[in-house]
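J.: Sequence:
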Amino acid sequence: MEVLLGVSRRHVHMTKETWNILFGDEEIQKRNDLGQPGQYASMHKVDVAVGDNIIEGVRVIGPFRSYNQIELAETDANFLGIKPPRRQSGELDGSLPIKLIGPKGSVELSSGAILAEMHIHMTPEMATSLGYVDKQLMSVYKDDKYLFDAKLKISDPAALELHIDTDEAEHYNLSTGEILDFRVCGK
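Start counting the sequence shown at 211; every next residue gets the next number (this note's numbering).
Derived by calculation from the structure, the hints in this document are not laboratory data.
Just so it is clear, the structure is predicted and the values come from calculations on it, not from any experiment.
The reader is advised that the hints may include incorrect statements.
Unchecked claim - Distance condition first, Cα-Cα at most 16 Å in a straight line; then the derived EDC-like pairs of lysine to aspartate or glutamate:
{"#": "1", "residue 1": "K352", "residue 2": "E378"}
{"#": "2", "residue 1": "K293", "residue 2": "D377"}
{"#": "3", "residue 1": "K255", "residue 2": "E237"}
{"#": "4", "residue 1": "K352", "residue 2": "E380"}
{"#": "5", "residue 1": "K355", "residue 2": "D366"}
{"#": "6", "residue 1": "K314", "residue 2": "E301"}
{"#": "7", "residue 1": "K309", "residue 2": "E227"}
{"#": "8", "residue 1": "K345", "residue 2": "E371"}
{"#": "9", "residue 1": "K314", "residue 2": "D235"}
{"#": "10", "residue 1": "K314", "residue 2": "D377"}
{"#": "11", "residue 1": "K345", "residue 2": "D366"}
My request is simple: use the sequences and hints to build the entire structure.
T.: Printed below as a string of structure tokens:
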């Protein structure tokens with residue numbers, strides 16, 4: 211089955227409360243829609259820091275969530291001097307502390323830094339029709355050559371899309387917008 215590839219750069223998801231500390235009463239402004247329905251890249255950026263190591267200009271993704279999450283590539287984590295766990299979005303148990311710095315203030319988060327797992331977004335209806343289940347492992351191919359495995363992320367709403375990070379895209383020589391194939395592991 212074919213899937214559109216989206217390469218995710220480091221980014222931050224945050225609560226409205228965290229936003230208010232970092233940006234005051236400024237309203238969040240959309241820059242552009244992302245591939246997943248309702249998700250967008252905002253015009254706003256924050257710096258992320260661990261000790262004296264700072265990555266400047268990390269994009270804030272909207273809309274607001276019920277948790278704070280910083281998705282990094284391994285190269286980013288190495289620069290910051292941390293080893294965050296590889297997790298699905300929203301699975302923050304064992305995630306690492308990190309500091310967010312905005313134009314109006316900063317927040318020391320006790321958790322939230324992760325390396326995002328490769329994943330394929332899919333609606334429940336599509337998954338049911340194909341006999342797939344959430345977190346099922348899929349093998350991903352380009353031109354019939356096996357590349358890697360990725361977990362299904364079943365949610366509503368969703369657009370069928372594969373997400374990997376910038377390090378993974380570089381390693382596999384892939385770019386946003388490519389069409390890849392996937393199937394159940396071992397088939």
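J.: Give a verdict on every hint.
T.: Consistency of the hints with the structure:
1. About 14 Å separates the Cα atoms of K352 and E378, which keeps this hinted pair within 16 Å; it holds.
2. As the CA atoms of K293 and D377 are separated by approximately 15 Å, the hinted pair is consistent with the 16 Å bound.
3. Using a Cα cut-off of 16 Å, the hinted pair K255 and E237 holds, with the two alpha carbons roughly 13 Å apart.
4. About 14 Å separates the Cα atoms of K352 and E380, which keeps this hinted pair within 16 Å; it holds.
5. Restraint check for K355 and D366: not satisfied, since their Cα atoms lie roughly 31 Å apart, outside the 16 Å limit.
6. The hinted pair formed by K314 and E301 fails the criterion: a straight-line CA distance of about 28 Å is larger than 16 Å.
7. Of the supplied pair hints, the one linking K309 and E227 holds, its CA atoms being roughly 15 Å apart against a limit of 16 Å.
8. Straight-line distance between C-alpha atoms of K345 and E371 comes to about 14 Å, which keeps the hinted pair within the 16 Å bound.
9. Distance restraint check for K314 and D235: the Cα-Cα separation of roughly 10 Å lies within the 16 Å cut-off, and the hinted pair is therefore satisfied.
10. Restraint check for K314 and D377: not satisfied, since their Cα atoms lie roughly 31 Å apart, outside the 16 Å limit.
11. For the hint linking K345 to D366, the alpha-carbon distance of about 15 Å falls within 16 Å, and the restraint holds.
Consistency with the previously given hints fails for numbers 5, 6, 10, ordered from lowest to highest.
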